[in-house]
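Enquirer: The primary structure of each chain is shown beneath.
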Amino acid sequence: MSRIVNMKVFRGEKDSGQLHDYNVQIDDGMVVLDVIHRIQATDAPDLACRWNCKAGKCGSCSAEVNGKPSLMCMTRMDTLNNDKPITVEPLKTFPHVRDLVTDVSWNFSVNKKIKPFKPRPKDADGKQRMYQYEVDRVQEFRKCIECYLCQDVCHVLRNHGKHEEFAGPRFMVRLASLEMHPLDVEDRIPFIKEIGGVGFCNITKCCTEVCPEHIHITDNAIIPLKERVADRYYDPIQMLFRVLGGK
Amino acid sequence: MAQYTTHDFDVLVVGAGGAGLRAAIESADLGAKTAVVMKSLLGKAHTVMAEGGAAAALRNADDRDSWQTHFRDTMKGGKQLNYYRMAELHAKEAPDRIQELEDWGAVFDRTPDGLINQRNFGGHTYPRLAHVGDRTGLEMIRTLQDKVVHMNAEIFMEVTITHLFKSNGKACGALAYSRVTGEFHLFRAKAIVLATGGGGKSFAITSNSWEYSGDGQALAWRAGAELLDMEFVQFHPTGMVWPLSVRGTLVTEGVRGEGGVLLNKDGRRFMFDYIPDAFKNDVAATEEEANQWVAEVASGKLATVRRPPELLTRDVVARSIRAEVQAGRGSPHGGAFLDIATRRTADDIKRKLPSMYHQFKQLANVDITKEAMEVGPTCHYMMGGIKVEAETAMTTLPGLFAAGEVAAGLHGANRLGGNSLSDLLVFGRRAGWGAAEYAKKASAGQPAQAEVDQAITENIACFDLKDGENPYTVHKELQDMMQDNVGIVRTDEELRGALKALDTFEARVNKLTVSGARAYNPGWNLAMDLRSMVVVSRAIAMAALERRESRGGHSRIDFPDYDKSFSKINHILTNDNGKMVLRADPLPAVPDELKKFVEEA
Numbered sequence: 203m204s205r206i207v208n209m210k211v212f213r214g215e216k217d218s219g220q221l222h223d224y225n226v227q228i229d230d231g232m233v234v235l236d237v238i239h240r241i242q243a244t245d246a247p248d249l250a251c252r253w254n255c256k257a258g259k260c261g262s263c264s265a266e267v268n269g270k271p272s273l274m275c276m277t278r279m280d281t282l283n284n285d286k287p288i289t290v291e292p293l294k295t296f297p298h299v300r301d302l303v304t305d306v307s308w309n310f311s312v313n314k315k316i317k318p319f320k321p322r323p324k325d326a327d328g329k330q331r332m333y334q335y336e337v338d339r340v341q342e343f344r345k346c347i348e349c350y351l352c353q354d355v356c357h358v359l360r361n362h363g364k365h366e367e368f369a370g371p372r373f374m375v376r377l378a379s380l381e382m383h384p385l386d387v388e389d390r391i392p393f394i395k396e397i398g399g400v401g402f403c404n405i406t407k408c409c410t411e412v413c414p415e416h417i418h419i420t421d422n423a424i425i426p427l428k429e430r431v432a433d434r435y436y437d438p439i440q441m442l443f444r445v446l447g448g449k
Numbered sequence: 002m003a004q005y006t007t008h009d010f011d012v013l014v015v016g017a018g019g020a021g022l023r024a025a026i027e028s029a030d031l032g033a034k035t036a037v038v039m040k041s042l043l044g045k046a047h048t049v050m051a052e053g054g055a056a057a058a059l060r061n062a063d064d065r066d067s068w069q070t071h072f073r074d075t076m077k078g079g080k081q082l083n084y085y086r087m088a089e090l091h092a093k094e095a096p097d098r099i100q101e102l103e104d105w106g107a108v109f110d111r112t113p114d115g116l117i118n119q120r121n122f123g124g125h126t127y128p129r130l131a132h133v134g135d136r137t138g139l140e141m142i143r144t145l146q147d148k149v150v151h152m153n154a155e156i157f158m159e160v161t162i163t164h165l166f167k168s169n170g171k172a173c174g175a176l177a178y179s180r181v182t183g184e185f186h187l188f189r190a191k192a193i194v195l196a197t198g199g200g201g202k203s204f205a206i207t208s209n210s211w212e213y214s215g216d217g218q219a220l221a222w223r224a225g226a227e228l229l230d231m232e233f234v235q236f237h238p239t240g241m242v243w244p245l246s247v248r249g250t251l252v253t254e255g256v257r258g259e260g261g262v263l264l265n266k267d268g269r270r271f272m273f274d275y276i277p278d279a280f281k282n283d284v285a286a287t288e289e290e291a292n293q294w295v296a297e298v299a300s301g302k303l304a305t306v307r308r309p310p311e312l313l314t315r316d317v318v319a320r321s322i323r324a325e326v327q328a329g330r331g332s333p334h335g336g337a338f339l340d341i342a343t344r345r346t347a348d349d350i351k352r353k354l355p356s357m358y359h360q361f362k363q364l365a366n367v368d369i370t371k372e373a374m375e376v377g378p379t380c381h382y383m384m385g386g387i388k389v390e391a392e393t394a395m396t397t398l399p400g401l402f403a404a405g406e407v408a409a410g411l412h413g414a415n416r417l418g419g420n421s422l423s424d425l426l427v428f429g430r431r432a433g434w435g436a437a438e439y440a441k442k443a444s445a446g447q448p449a450q451a452e453v454d455q456a457i458t459e460n461i462a463c464f465d466l467k468d469g470e471n472p473y474t475v476h477k478e479l480q481d482m483m484q485d486n487v488g489i490v491r492t493d494e495e496l497r498g499a500l501k502a503l504d505t506f507e508a509r510v511n512k513l514t515v516s517g518a519r520a521y522n523p524g525w526n527l528a529m530d531l532r533s534m535v536v537v538s539r540a541i542a543m544a545a546l547e548r549r550e551s552r553g554g555h556s557r558i559d560f561p562d563y564d565k566s567f568s569k570i571n572h573i574l575t576n577d578n579g580k581m582v583l584r585a586d587p588l589p590a591v592p593d594e595l596k597k598f599v600e601e602a
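Chains as they are written, first to last, in the numbering used here: chain A, 203 to 449; chain B, 2 to 602.
Since the hints were derived computationally from the structure, they do not count as laboratory data. Hints are not guaranteed to be accurate.
[Stated by the list, open to error] Using 20 Å as the maximum straight-line C-alpha spacing, the simulated SDA-like pairs for lysine to any residue come out as follows:
id : chain 1 : residue 1 : chain 2 : residue 2
1  : B       : K442      : B       : R73
2  : A       : K317      : B       : D30
3  : A       : K216      : B       : K596
4  : B       : K512      : A       : K216
5  : B       : K569      : B       : N153
6  : A       : K317      : B       : N153
[Claimed, not checked] Between beta-carbon pairs, the in silico distance windows are:
id : chain 1 : residue 1 : chain 2 : residue 2 : range
7  : A       : D421      : B       : H151      : 49 to 59 Å
8  : A       : D421      : B       : E478      : 32 to 42 Å
9  : B       : E470      : A       : P392      : 57 to 67 Å
10 : A       : R331      : B       : Q484      : 44 to 54 Å
11 : A       : D217      : B       : N511      : 47 to 57 Å
12 : A       : P392      : B       : D114      : 30 to 40 Å
13 : A       : F402      : B       : D485      : 28 to 38 Å
14 : B       : T346      : A       : D421      : 25 to 35 Å
15 : A       : K315      : B       : Q4        : 27 to 37 Å
16 : A       : H416      : B       : D454      : 49 to 59 Å
17 : A       : P392      : B       : E478      : 38 to 48 Å
18 : B       : P589      : A       : D280      : 49 to 59 Å
19 : A       : R331      : B       : E478      : 26 to 36 Å
20 : A       : T244      : B       : E372      : 46 to 56 Å
[Claimed, not checked] A few chain B residues facing chain A, derived, Cβ under 8 Å:
id : residue
21 : L42
22 : M50
23 : D104
24 : D110
25 : G183
26 : E212
27 : S246
28 : S356
29 : Y358
30 : H359
31 : A520
32 : R549
33 : S568
34 : I570
From the three backbone atoms N, C-alpha and C, an ideal C-beta is built for every residue, glycine too.
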C-alpha cells in the first residue's frame, strides 16, 4: 500500500548539519535505503550515503535509524512506525564527513596492527586438515561484514572515546577468529591485553544486540579473550612461573 | 591549470575485488611499488556478494574429478566459444589458488576427512565448489584484504578512475577523483591492471550495485584496447522478484545445488521440459532419478545417478523460467517458485543457506524452510569484456592488463557458477605477475599535460551547465531501455532501436547538470559513471546485433538456434577515432591434446 512518510535525514558537513524533512512516497516492501535512493533521485541528488550490495552482505549502508544503529538495506519501512517522522542519521562514533557518511578509517588502522595469520606446518602429504567441529566457532566470527554497528554502539568508544586504548568489538571478533583458528600458531595475547584493551569491555552486550549477522560477540569472542588474558597474566601459578623464569 | 595530486607507482591496480586484491598481492610480492584504488571501502567490492563457491578440481569431495573434466565443463558451459588457453590455465591452477587462500587463513567448510569441502553446482560434473555456507565471497575477500594490508601496497579507498593516459602507445597513467573530498589525483604507473568488474548497472533488473558501471571496459576501449564477446551477458535465473524494491537481488544457485526445485504456478517441475539435446545425457530423465541424486548428495555419498535439470547451465534455466512466465504459468509476481522447504530439513537449510534464510525472512517475509521462494532472471555477469592474453593478462594495449569480470575469454558464451571466484584468483595472480614483470622492463611514461587538463574539465563541466538533465533520470531511462531492448531475449529491431537510442544517450550524458559541491556527491559520481555505462551498453548492443543466432547468454527471438557459421567466431570491438567498430575474429583453434576433452556443442 502506497503512503507518504515524513523522513528526517541528517544533512551537512563535519557535524555542522541538521535534520532535513523529506515527505516521501513509500511502496510495499521498501527498506530505508530505498527511501534514501528515492530522495536522491527526486529531491537531493547530492545526498551522501554509502551502499553496495543492498542485501545485507557488505556492511556499507550503516546508519542510525530512529536512533538505532542499523543497516539501511535490511530495515524494512513497515517495521517502523510510519505515522511518526523517521530519523536517519550518521554513525556517531566516527568523525562525520557529509550527510550519512562518516570517516571509518580508524577501523582499518586498528586492523593493520593485528598480527597476521600464521599457520602451523602442513601434514606430511602437503595437506592441511581441520574438522568442521573445530572450525564452527571461527566461522561464526568470520561472518562479520564490517558494518561497524558494534563499534558505533560500544559505549567505550561512543561515550568515552577510547579509540586509542580499545580496539572495539569488531576487532575482538577478528582477534578471536585468529586466536581460535585451528591452524594458527601466532601469540596475540599480549596485544589483546595491552593494545586491544580487552579489559575496557564491561560486558554490556550492546554490540551483540546490534550485530546484523547475529554473532555472539560478547559471549563467544570477548569473554573467551578476557579469560585467555586472565590465564596468562593473572593466574597465580602462571605468575609464579613467570617470576621464577625471569619474565 | 587544474589542481591535482600526483602519485608514482610501478603498478596501479584499479579495483579491489578478488581479482584486484590478488593482483596487488602478487605485484607487491614481486617487489613492484604497487597501488590499489577502489570505488568503495576496502572489503566491500562485489566479490563479497558471491555466495555459492569457487570451482576447483581439488578432488576432495569426489576423486573422479580432474582439471581435464573442469576444462571440459567450462568449454561446454561456454558453448565452445571460450579462449581454450584461458580455460586450460584456469582449470589447472584453480586448486592451488584455493589452497593458497587456506594458507592465508581462509576457513572453508570441511569434508569428514578434514579437507576443503566441495558442493555441486550447475554445469559442473562433480561436486567442485569450495565454499563457506552461502557466503564464500565474503570469506575470500576478507582473506585477501587481511593479506594485502600486510604487503607493501598502498591502498586508496573511495577513489574512482575516470580517464587512462598513454604515451608512445603504452598505458602510462590514470586520472582519479576522491569520492570523499572530490579532489583529483593523477596516478603515473608503468603498468595498470584493470580489475573493475562488470557493468550490470546499465540494466533495470540486476544483482549488481552502483559500482558496476562498466568503467574498466569503457576506459580500456577509449584508450584503444579491444573488447571481446560483449554480447554475452549472464542473466542469473534466480533473482528475487518480490517485493519490487529487492527485485533482482541474487538467490544463490546453491539453493538448487542443495536440492531446490523449480515449479510453475501449477506445481509442475518444468525444467524437465527444457533439457537441451547437448545435455540430455548429463541430466536425470525422471523425477525419481533426480530425487535419488539429491538424496545421495545430501547424505554425503557420491552420486551414482544423473543430476536434476535445475542444475543445467544458467542460460538454459533463465530462458526456461522466462518461457514459463510468457506462457502464463508464472508465479504471482512474474517468476517461478523455487522450493527447498519440501526437499531438505529446516536445520539443513539454515546451516547450508544461512544468508538466503535471513535475506528472505527479512526482506520478503518468507520463511524458506516452510515456503517456496519466488524467483526470476536478473542481470548478473558479463562474460564479455577486455580481450587479454592468457598467460600475462595483458590487453591489446601495451602496459594495460585486465583480470576478473572485466576481462573476457575464459567463460565463452556462458559462465558456470563458481568459475568466477576461481577466475579472480587465477587471472588476478597472473595479471599481478604480468604487470610487475612488465614494469621491471618498462620506463615511466608521462601523461600529456593537455590531456590531464582536458580530462578534469570534462569531469567538472556538469557543475557549470545550468539547464542540463538530472543524472538519476537519465540513468533510469537508460536502464529501462537496455532491459527492454538488449535484455534476456533480443531481436534485430530492438537492437537497432537500442543503438539509435544510445546515440541520444551519449549526447545526454554529456549534458548533465549536477548540484552541490564535489565532496561526497553521489549525483556527480553517477554523472561520471554514466559515461562508462553508455560505452558498455553500445558494445553489448552492437555485438548482439551481429550475432544472428542464440548461444549461451545471448538469445535472439529472430534466430532461436545455434548457427554453425557463428560457432567459430568471436566478436571484437575496437575504437576507430572515437567510433565503435566491430569485426569478427576466428576463434583460436583448440590443439589436439585438448580436443579430446571438448565435445562439439
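Enquirer: Hint compliance check: list the failing hint numbers for this structure, sorted ascending.
Expert: Hints 1, 3, 4, 5, 7, 8, 11, 13, 17, 19, 20, 25, 29, 32, 33, 34 are the ones this structure does not satisfy, whereas the remaining hints hold.
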